[in-house]
Structure formats: C-alpha cells, structure tokens
Amino acid sequence: MTDLIQSHNEGAATQSGGANVSRRNKSNFRKVLFDYSGLIPFFIFSVIFIGLPTLSVVYLAFIGNSGEVTLANIRVALQAEYLTSLTGSLKLGFFSALTGAITGLAISYAVAISGKKKIQRVVSTASGVFANTGGVPLAFFFIAAVGNYGLVTVNLQKIGIDIYSGSFTLFGFSGLILVYLYFQIPLMVIVTYPAIEGIRNEWREAAINLGATKSMYWKYIGIPLLVPAVSGAFLLLFANAFAAYATANVLTSGTLPLLPVQIGSLVNGNVIADQSNVGMAMGLEMIIVVAIAMTGYTVLDRKTSKWRKSS
Amino acid sequence: MTKIKSGSTVTPKPGFGLNSVMIFGALFFTIPIISAFIFSVQVGDGSYSVFAYMRMLQDPGLASSLWLSTRLALMTVAIVLLLMVPTVTWLHIRAQRAKRVVEFITLLPLIIPPVVTALGILNSMPGFLLNTPYLLGFVYGVLTMPYTYRSLDTGLNAIDVRTLVDAARGLGASWRQVLSGIIAPNIKSAIFGAVFLAVALVLGEFVVASLLLWDTLPSWMAIVGQADAEGAVAVSVLSLLFVWILLMVLSLLDRRRKVRVNVGGMA
Numbered sequence: 001m002t003d004l005i006q007s008h009n010e011g012a013a014t015q016s017g018g019a020n021v022s023r024r025n026k027s028n029f030r031k032v033l034f035d036y037s038g039l040i041p042f043f044i045f046s047v048i049f050i051g052l053p054t055l056s057v058v059y060l061a062f063i064g065n066s067g068e069v070t071l072a073n074i075r076v077a078l079q080a081e082y083l084t085s086l087t088g089s090l091k092l093g094f095f096s097a098l099t100g101a102i103t104g105l106a107i108s109y110a111v112a113i114s115g116k117k118k119i120q121r122v123v124s125t126a127s128g129v130f131a132n133t134g135g136v137p138l139a140f141f142f143i144a145a146v147g148n149y150g151l152v153t154v155n156l157q158k159i160g161i162d163i164y165s166g167s168f169t170l171f172g173f174s175g176l177i178l179v180y181l182y183f184q185i186p187l188m189v190i191v192t193y194p195a196i197e198g199i200r201n202e203w204r205e206a207a208i209n210l211g212a213t214k215s216m217y218w219k220y221i222g223i224p225l226l227v228p229a230v231s232g233a234f235l236l237l238f239a240n241a242f243a244a245y246a247t248a249n250v251l252t253s254g255t256l257p258l259l260p261v262q263i264g265s266l267v268n269g270n271v272i273a274d275q276s277n278v279g280m281a282m283g284l285e286m287i288i289v290v291a292i293a294m295t296g297y298t299v300l301d302r303k304t305s306k307w308r309k310s311s
Numbered sequence: 001m002t003k004i005k006s007g008s009t010v011t012p013k014p015g016f017g018l019n020s021v022m023i024f025g026a027l028f029f030t031i032p033i034i035s036a037f038i039f040s041v042q043v044g045d046g047s048y049s050v051f052a053y054m055r056m057l058q059d060p061g062l063a064s065s066l067w068l069s070t071r072l073a074l075m076t077v078a079i080v081l082l083l084m085v086p087t088v089t090w091l092h093i094r095a096q097r098a099k100r101v102v103e104f105i106t107l108l109p110l111i112i113p114p115v116v117t118a119l120g121i122l123n124s125m126p127g128f129l130l131n132t133p134y135l136l137g138f139v140y141g142v143l144t145m146p147y148t149y150r151s152l153d154t155g156l157n158a159i160d161v162r163t164l165v166d167a168a169r170g171l172g173a174s175w176r177q178v179l180s181g182i183i184a185p186n187i188k189s190a191i192f193g194a195v196f197l198a199v200a201l202v203l204g205e206f207v208v209a210s211l212l213l214w215d216t217l218p219s220w221m222a223i224v225g226q227a228d229a230e231g232a233v234a235v236s237v238l239s240l241l242f243v244w245i246l247l248m249v250l251s252l253l254d255r256r257r258k259v260r261v262n263v264g265g266m267a
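Chains A and S, in that order, are what the protein sequence lines are. For the first sequence, the numbering used here begins at 1 and goes up steadily by one. For the second sequence, the numbering used here begins at 1 and goes up steadily by one.
Since no wrong hints were added, every one of them can be taken at face value.
Calculated cross-link-like contacts (lysine to any residue; reagent style SDA-like; alpha-carbon spacing at most 20 Å):
| # | chain 1 | residue 1 | chain 2 | residue 2 |
| --- | --- | --- | --- | --- |
| 1 | A | K117 | S | A26 |
| 2 | A | K31 | S | Q96 |
| 3 | A | K219 | A | I102 |
| 4 | A | K116 | A | I190 |
| 5 | A | K214 | S | L18 |
| 6 | S | K99 | A | S37 |
| 7 | A | K91 | A | T255 |
| 8 | S | K99 | S | L110 |
Which residues of chain A face chain S? A few of them, derived with a C-beta cut under 7 Å, are:
| # | residue |
| --- | --- |
| 9 | P53 |
| 10 | S56 |
| 11 | T125 |
| 12 | V129 |
| 13 | F140 |
| 14 | F141 |
| 15 | L151 |
| 16 | Y245 |
| 17 | A246 |
| 18 | V267 |
| 19 | M286 |
| 20 | I287 |
| 21 | A291 |
| 22 | M294 |
In short, the hints are calculated from the structure, not lab data. A virtual CB, placed ideally from N, CA and C, is assigned to each residue, including glycine.
Let the hints inform the model, and build the full structure from the sequences given.
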C-alpha cells in the first residue's frame with residue numbers, strides 16, 4: 001500500500017511542477033491517505049482471517065520438528081503415501097475436469113443452437129443453482145440414487161443390470177468423478193456459454209460462402225475461437241475438483257488417498273506423521289497447484305473476453 | 001441461378017446427438033433429486049411414510065446445529081452489510097486506485113483451498129477465538145468475499161456513484177446518510193444478491209466447520225449419515241431445497257438487475 005501511495009505521489013509531483021510543488025504534494029498526500037483510510041477495516045479484517053492463516057501454513061511448511069528451518073517437510077510430502085495423495089488429487093482433478101468439460105461443452109452448445117429461449121433460461125438458472133451445490137447433501141443425494149441400496153441401483157438390478165458388477169463404486173475414485181459432474185457440468189456451462197453464444201452466425205456463413213466445408217470451418221474458425229475459453233474453463237474445473245473436500249470426505253470416509261482428505265485426517269489427529277509439519281507442506285502444495293491453475297484461467301479468460309468485445 | 005436463402009441455410013440445428021445430450025443432462029440432474037426424495041420416504045417393506053423426517057425433526061442435534069448455522073449466517077450477513085458494502089462503495093468513490101489490490105484479496109479464498117484455510121486458522125488463531133464458534137462467522141465473512149465483492153461491484157458499476165455522492169454531500173448529507181439513504185437503496189438488488197449468496201454458502205459449508213469441530217448443520221448431517229442413511233437423506237432434501245430456493249430467487253434477481261439505474265441521463 002505504501003508503494004501505491006508513493007508512486008501516486010511521484011506522479012503528482014511531476015505533473016504539478018512550479019514553486020508550490022511541495023505544498024501541493026503535502027495536501028495531495030493527505031488526500032490519498034484519507035482515501036485509503038476508508039479501506040483500513042477491510043485490510044485489517046483480511047490480514048487477520050486470511051493473511052495470517054495462509055502465511056502460517058507457508059511459514060510452518062519450512063519449519064522442522066525442533067524449530068529449525070528445513071526442506072524436510074516438503075521432501076516427506078513428496079514421498080510414499082503423501083506423494084500418492086498428491087497424484088491422486090491431480091488425477092481426480094484432471095479426470096473430473098475432462099468429463100465435466102466435455103459434457104458441459106456439449107450441453108452448452110446444444111442449448112445455444114437450440115434457439116429456444118425457454119430452455120436457455122431454464123439452463124442458465126439451473127446452472128447457477130447446481131454449480132453452487134456441493135458438499136454433504138450432494139453426497140447423500142447420490143447415495144440415495146446409486147449407492148448400494150440406491151433407487152437407481154435397485155431398479156436397474158430388477159431389469160438385470162448390476163452397476164456394481166464392474167469396477168464402479170460410488171465410494172471410490174469413479175464415484176467421485178460421477179458426483180463431481182453434478183457441479184462441474186453447470187460450472188462449465190456458466191463459463192463457456194457466453195463464448196459459444198458469442199460466435200456469430202455470420203462468421204459461419206461467410207466461411208461457407210467462401211467455400212469452406214463444415215470441418216474446415218471448425219478447424220480454422222470455430223475451434224481456434226473456443227480454445228482459450230474451453231482451456232480456461234478446464235483449468236477452473238480442475239482447481240475446483242482438486243480442492244474439493246466435503247463430498248469426498250463423506251463418500252469415502254477419508255479412505256481415498258487425496259490431498260485434502262489427507263490434510264483433514266492430519267488435522268483431526270487420525271494420522272500421526274513423523275514430520276509434524278508435513279500437513280503444512282501439503283497445504284502449500286495445494287496452494288501452489290490451485291494458484292497455477294487459477295492464474296492460467298485468468299489469463300485465458302482475459303483473452304476470451306478480448307475477442308468477444310472486439311466482435 | 002437459384003436465389004440464396006437468407007441466413008437460415010447454414011444455421012446449425014441440434015441433431016439427434018445434441019438432443020440426446022440435453023435429455024441426458026436433464027436426467028442426470030433430476031434423478032438424484034427424485035431418488036433422494038423417494039429414498040427418504042420409503043420404508044423397508046415398500047410403503048411410504050414421513051417417519052424419517054419426523055425422526056430427524058425430533059433429534060435435538062438438528063435444532064442445535066440449525067441454530068448455530070443460523071447465527072453464523074446472520075453474522076456473515078452483518079459482515080457483508082457493515083464491512084463489505086462500505087468498503088466496496090468507498091472503493092468506487094474515493095479509492096479507485098486500490099481496486100486491483102482489494103479485488104485480488106477478495107479472490108484469495110478461491111486460490112487457498114478451504115482445507116488449507118482451516119489448517120492455517122488452527123495454527124494462527126489465539127485460543128480464545130478457537131474456543132468460540134463465532135470464529136467461524138469471521139472465516140465465513142472471508143470465504144464469501146469472492147462472491148459478495150463481485151455482486152456489490154457489479155451493482156455499483158451500474159449506477160453513477162460519484163454523481164450521487166457529490167450531490168448528496170453538496171446538499172449537506174453526512175457519510176452515514178449517503179451510505180444508508182443514497183447508495184444502499186440504489187444497489188438494493190446487489191446487496192440482496194450478496195446476502196443470499198452468503199447465506200447459501202454458510203448453510204452448506206462443511207470443511208472449516210468440521211475441521212474446527214463445530215456441529216453446524218452440514219457437519220451434524222455428516223455425523224447422522226454414518227448411522228442413519230434415510231435420516232441424513234431427509235435432512236439433505238430439506239437443506240438443499242432451502243438453499244436452492246435462495247439461489248433461484250438470486251438468479252431471478254440477477255436477471256432483473258439488467259434494468260439499470262442511470263443518473264443524469266448518462267448512457
């Protein structure tokens with residue numbers, strides 16, 4: 001914040017010039033100080049309730065059992081069962097994002113070109129609602145549907161289909177992918193629908209009038225236009241599934257090796273680690289992974305909104 | 001030479017594939033809801049009863065967890081009204097320069113997973129705060145910031161705040177009067193939006209509450225579910241219904257917000 005004030009002050013100094021520079025500077029400085037003073041409660045609040053907690057995790061990730069600065073926690077967090085959790089979470093994030101992105105994109109596209117205002121309105125409202133549905137109730141909804149005694153499971157068994165005959169189980173990796181679709185698909189629709197809607201029909205017509213085939217249109221125009229929006233959305237979905245804890249915890253009761261679940265068990269004291277701060281190192285890992293994904297999303301999103309504005 | 005038909009010749013229409021995608025979507029989102037409802041009213045021998053609901057409503061755990069969740073929701077609403085609304089308004093009228101910094105801070109909860117936030121809270125908060133459930137209220141004030149900030153920011157972008165404030169101040173209004181009498185009524189739907197979202201998020205939040213060992217509605221539900229699946233499904237139905245209604249009203253408000261207030265005939 002001081003940087004901001006200073007740079008502003010320098011700007012004012014070069015602008016004003018003349019004999020009364022310093023006096024003006026002073027009053028300007030006071031004004032800026034007053035301007036920022038209104039934000040003080042907000043800054044204090046965020047420093048205490050998100051700044052301190054986050055910094056404590058980052059700091060403790062580098063502190064060893066006897067208080068020394070060390071990389072041991074990080075090293076342990078990248079080994080054995082902790083490494084399995086990291087790769088498990090990365091895998092879950094990737095496959096959840098992949099399935100969510102493909103289905104969400106198909107639904108977005110179908111709804112966009114259906115041309116039916118009513119469907120579009122229902123889908124947009126429903127997406128807003130379902131994208132925010134997660135956590136504990138969602139887990140129980142799926143237990144009621146496709147759990148061992150769920151309605152879908154039981155009724156399909158009556159006609160001779162046993163969804164549990166293969167490798168599927170609601171309480172493992174495949175189940176989580178299925179349940180996460182419930183909030184991933186709507187999120188994908190929310191993020192990509194504007195981009196799909198923004199593709200003008202005139203562009204398609206122009207391409208086809210100039211002799212392009214349908215596949216050429218998609219190859220050279222449609223897909224390049226959608227790539228930034230879709231890959232950005234993919235990263236968002238990835239981060240979403242990577243960090244999700246509640247549903248996974250209820251469905252797998254902490255048995256599936258996933259980073260958030262692992263951290264949760266450490267916090268609850270179910271697991272005792274040799275390296276007492278290994279949980280912090282895993283927390284740091286999570287922040288880094290999510291931050292990379294979200295930065296990528298922001299950059300790609302900016303790119304998308306650029307062409308949408310210029311069109 | 002045949003006349004080229006206008007436009008419609010190359011307009012794509014959803015074929016069999018895309019229509020089935022839409023039908024699949026509709027089924028995927030409704031089947032769990034219907035299943036949960038039937039599951040919660042079905043009794044072992046195939047008959048139906050609301051026994052699971054009765055059992056849950058009589059559980060003292062429901063009342064106490066619901067009461068805790070309600071208090072936390074109210075606390076979060078107070079943070080939205082007393083901290084977020086003044087901050088974002090101030091940002092618009094006096095401190096535009098700081099907008100990027102504030103925006104970045106409000107987005108932090110999306111970058112720091114709630115599990116990690118809970119871990120950090122346990123490490124960094126003094127004992128007297130860890131011993132009270134109201135700590136959760138403060139944490140929820142932070143966790144809802146990405147949504148409340150955006151809602152309020154959009155609302156304020158839609159009106160000409162500066163002119164309104166200058167006019168009010170010029171006519172002798174105090175800052176408090178400006179905030180409650182001029183700004184708040186003009187961004188009413190944005191404030192409602194922020195409050196609804198905050199309430200919906202607080203009523204569903206499980207991660208921080210369960211790791212800090214407080215029995216809010218979701219963490220109580222998770223405990224119940226370990227022994228009584230029908231009961232847990234019944235409470236899930238009730239709680240999601242409530243949250244869905246909130247969110248639905250919210251998205252309807254969102255649509256209406258497109259009618260923008262313009263002051264001084266500015267486009």
